[in-house]
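K.L.:
Listed here are the chains, written in short residue letters.
2 protein chains.
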Amino acid sequence: MLNPADEAFGARLPQGVLRPVTEAYLEEPRGRLHGKAGLIAAPRDLDETAAIVRACAEARVPVVPRGGGTGLVGGQVMWDGPAPLILSLERMTAIRNLRPTEDSLVAEAGATLQSVHDAAAKAGRMFPLSLASQGSAQVGGILGTNAGGVNVLRYGNARAQCLGIEAVLPDGSILRDLKRLRKDNTGYDLRDLLIGAEGTLGIITAASLRMVAQPAGVGVAMLVVDSPAAALDLLALAGERMAGCISAFELISGQGLGFVAEHFPDLRQPWSEPPRWSVLIEIGLPSGLNPSDALEGLFAAAADKDLVSDGVIAGSLAQSQALWDLRERIPDGNRLVGAVASHDISLPLDELARFITDADAMLAGMADVRINCFGHLGDGNLHYNLFPAKGKSRDAYDDQRGRLSDAVYDLVMARGGSFSAEHGIGRLKVAELERWGDPGRLAAMRAIKSALDPFGIMNPGAVLA
Amino acid sequence: MLNPADEAFGARLPQGVLRPVTEAYLEEPRGRLHGKAGLIAAPRDLDETAAIVRACAEARVPVVPRGGGTGLVGGQVMWDGPAPLILSLERMTAIRNLRPTEDSLVAEAGATLQSVHDAAAKAGRMFPLSLASQGSAQVGGILGTNAGGVNVLRYGNARAQCLGIEAVLPDGSILRDLKRLRKDNTGYDLRDLLIGAEGTLGIITAASLRMVAQPAGVGVAMLVVDSPAAALDLLALAGERMAGCISAFELISGQGLGFVAEHFPDLRQPWSEPPRWSVLIEIGLPSGLNPSDALEGLFAAAADKDLVSDGVIAGSLAQSQALWDLRERIPDGNRLVGAVASHDISLPLDELARFITDADAMLAGMADVRINCFGHLGDGNLHYNLFPAKGKSRDAYDDQRGRLSDAVYDLVMARGGSFSAEHGIGRLKVAELERWGDPGRLAAMRAIKSALDPFGIMNPGAVLA
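These protein sequences, in sequence, are chains A and B.
Following UniProt numbering, the numbering of the first sequence begins with 1 at its first residue and continues without gaps.
Following UniProt numbering, the numbering of the second sequence begins with 1 at its first residue and continues without gaps.
For the record, the hints were derived by calculation from the structure and aren't laboratory data.
Predicted, not measured: the structure shown is a model, and the values here were computed from it.
Treat each hint with caution, since some may be false.
Since the list gives no way to pick out one identical chain from another, each pair is judged satisfied if it fits inside one copy or across any two copies.
[Stated by the list, open to error] For lysine to any residue, the following SDA-like pairs were computed, each having C-alpha atoms within a straight-line distance of at most 20 Å:
hint	residue 1	residue 2
1	Lys122	Leu98
2	Lys305	Val430
3	Lys36	Leu237
4	Lys122	Ala236
5	Lys449	Leu193
6	Lys305	Thr101
7	Lys305	Pro270
8	Lys122	Leu237
Put together the whole structure using the sequences plus the hints.
P.N.:
Right, here's the structure in full:
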């Protein structure tokens with residue numbers, strides 16, 4: 001049994017760590033969930049973090065870790081059970097030991113992704129993980145959820161950027177593993193176990209991260225394709241020509257561009273009528289090869305195979321940015337329209353095109369919805385989101401939402417996909433994990449959770465019920 | 001307490017899985033360790049593997065998993081305690097569901113790395129993990145030990161090639177997670193936990209692996225550098241010019257080339273007198289860029305900065321292969337000379353050059369040894385190996401070996417390095433892990449081991465004492 005984080009418990013914490021309980025700590029970006037909190041604690045360093053967790057372990061008080069609060073599955077808001085202590089990493093924001101010649105830096109958990117980008121750029125390097133929410137998202141949350149974003153195709157997700165971690169385990173003990181090594185085979189991979197565990201196995205307090213060199217030449221293009229199948233063929237063709245130098249390959253639907261046109265009319269679009277399907281491709285090349293030439297060569301080869309019908313190749317940094325702006329406004333457009341249901345899914349690449357065709361057809365027979373399917377095609381990761389028909393409101397779909405999502409997930413899982421590609425489980429997808437998770441895997445997860453957190457104080461209700 | 005795998009126990013196993021106990025199952029490549037075995041079991045499929053492990057769990061019989069047997073730290077040979085059952089994956093060798101358009105395949109644990117390479121090549125793709133021992137090393141062992149090799153710099157180690165696993169857990173239950181997904185954030189990362197656990201947390205029976213496109217143009221060069229520091233500067237320069245297209249960057253010492261010249265006199269070397277330091281660089285480029293031109297450009301830029309003094313750029317596939325042969329014969333040369341002590345270490349890149357200088361100086365004051373320092377410089381991974389002085393035998397160093405290795409490891413660890421970069425812990429480095437492992441990390445490892453393998457049947461004595 002867990003106990004609430006009450007005033008008497010607060011008196012046992014290190015001096016000066018408590019902060020007033022304000023709304024900002026209880027919210028999540030979509031505004032649909034509301035957490036509770038007995039206390040908010042913001043430690044200044046590792047030792048204070050450990051002291052807080054140790055006190056929670058002794059008193060059986062639940063701990064909800066909080067980074068930038070940008071997660072989309074409710075991992076950061078606990079609404080059930082005794083009022084938790086929210087452990088905010090907001091005061092641990094240092095970026096230290098940035099080593100450009102080694103391409104490594106150490107960031108504390110509360111540092112924003114943007115601050116890591118800025119520090120790397122200042123040293124002439126690049127941190128290769130980009131998210132729309134990077135101004136608020138923090139390193140601890142990014143690792144805790146194994147965040148993805150637009151450059152995973154080339155550089156991998158958050159997991160792949162991390163060389164080492166420092167963490168406080170559920171009993172308040174400290175795991176010190178801030179290595180700067182590219183190779184280290186000395187025992188179990190606890191780093192990857194904590195990454196993506198969404199704060200249920202411990203709290204990451206700092207991470208050693210890798211940087212990369214900026215590619216010598218960067219090119220961006222938006223190409224019109226006939227279908228997702230053609231987009232995948234284009235990706236394969238690009239893969240063969242580019243030797244892994246594709247930094248992003250994003251699928252964009254006409255519906256998504258339509259929402260953007262409706263809500264951001266000042267944003268110039270390449271076509272007066274949004275093409276039904278297009279892709280945004282970014283390449284980063286070795287020196288000696290002109291990116292525009294490479295993209296023109298790709299376009300010509302793709303046109304020969306009837307894979308592309310039109311396209312724009314950015315001729316300047318401003319034009320590249322304008323194309324990216326279009327892509328990045330799609331989630332904003334979605335928010336303003338208001339989704340009936342959103343699905344962060346992934347599929348094996350060979351199943352992806354058929355999934356889109358089949359899911360579209362299935363939903364057409366089930367409900368009057370508009371579908372905006374977009375996302376990180378190179379990773380097989382789609383955001384398959386449903387919106388009210390024109391003139392209808394989101395609320396009108398309240399009694400259909402569950403049925404529609406179930407049907408989408410059923411189809412995804414039948415094709416060997418994932419019901420959460422990059423957002424994680426949080427509290428919103430615990431039932432889905434129960435339903436579709438492999439029983440052997442779930443049993444092993446429970447055994448590990450019990451072994452490391454026997455009292456269940458770490459982010460209770462997240463990931464595992 | 002564990003029980004031996006005796007005849008009575010053998011009668012409880014599935015029909016036809018037992019094989020005669022022969023020497024081949026009890027050996028390791030360096031011929032210095034000798035394991036024992038009560039029974040050898042070679043299951044034909046997942047269900048038989050699970051049945052064997054379940055029987056072992058019930059009877060508390062130790063299980064030693066065996067792949068190609070090429071490991072260098074004794075993970076595959078158990079010489080202490082009750083005679084184990086050796087579980088050989090040699091009959092599970094299928095490669096199935098190879099999907100070139102998706103760049104994925106599923107390999108059973110007993111498939112050799114070479115057979116995965118061949119299958120990928122036949123489909124016009126590439127499996128990006130290369131080891132000297134790939135003709136014998138098997139997928140299960142490669143994942144169990146998170147093997148490295150020469151292409152880690154670009155493609156990552158074994159871990160990074162794996163999209164999903166199927167495994168038998170220590171209680172005989174099955175973990176089914178043969179996903180073909182690039183992104184899947186649905187719970188704890190058990191895949192990465194089993195990878196590198198050296199068979200102590202379960203037995204990987206099959207893996208879903210990624211393939212990659214062959215780069216459009218491949219170039220190889222061997223460049224003479226003044227020092228490891230210059231080699232690192234060259235690596236940084238190449239990184240900036242090549243946008244991540246460096247497939248290998250290997251440091252080679254004059255001592256290593258000398259051993260090769262001595263034992264493989266037919267192998268032509270580029271220089272009559274081996275240069276004190278050189279690097280082998282391989283690049284794999286996008287189409288439109290000539291690899292020889294790119295390497296010549298790199299050489300010119302490096303010469304401008306006084307980083308290189310000489311070099312050969314391969315003009316043909318045969319010449320590329322000849323340069324690689326030189327590199328790959330270095331371990332064979334070492335074996336024929338007979339090392340006093342070998343150290344598979346890694347260092348933060350910023351510490352690496354100074355480490356070599358300091359370690360060389362330290363050893364010069366300690367013993368009369370020849371040092372062959374070579375390895376995967378791009379990963380900070382050195383094979384820092386000590387050999388008898390000319391005319392002396394390996395045995396003459398028996399009473400110095402421990403002291404010399406301790407001194408090397410002490411220096412490595414003081415500089416933030418690792419005492420096992422790619423070979424793992426096995427049974428030979430258990431004491432080192434005890435000594436240098438972070439206490440918080442070790443405690444968490446033990447908790448996980450107890451949770452998943454409460455009777456300690458899985459590869460006892462490996463990784464954790």
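K.L.:
If a hint holds in the structure, say so; if it does not, say that too.
P.N.:
Tested hints:
| no. | hint | result |
| --- | --- | --- |
| 1 | Lys122 / Leu98 | within (10 Å within a copy, 44 Å between copies) |
| 2 | Lys305 / Val430 | neither (44 Å within a copy, 57 Å between copies) |
| 3 | Lys36 / Leu237 | neither (51 Å within a copy, 52 Å between copies) |
| 4 | Lys122 / Ala236 | between (35 Å within a copy, 17 Å between copies) |
| 5 | Lys449 / Leu193 | both (11 Å within a copy, 14 Å between copies) |
| 6 | Lys305 / Thr101 | between (43 Å within a copy, 16 Å between copies) |
| 7 | Lys305 / Pro270 | neither (23 Å within a copy, 45 Å between copies) |
| 8 | Lys122 / Leu237 | between (35 Å within a copy, 18 Å between copies) |
The structure fails to meet hints 2, 3, 7 from the earlier list, while all remaining hints are met.
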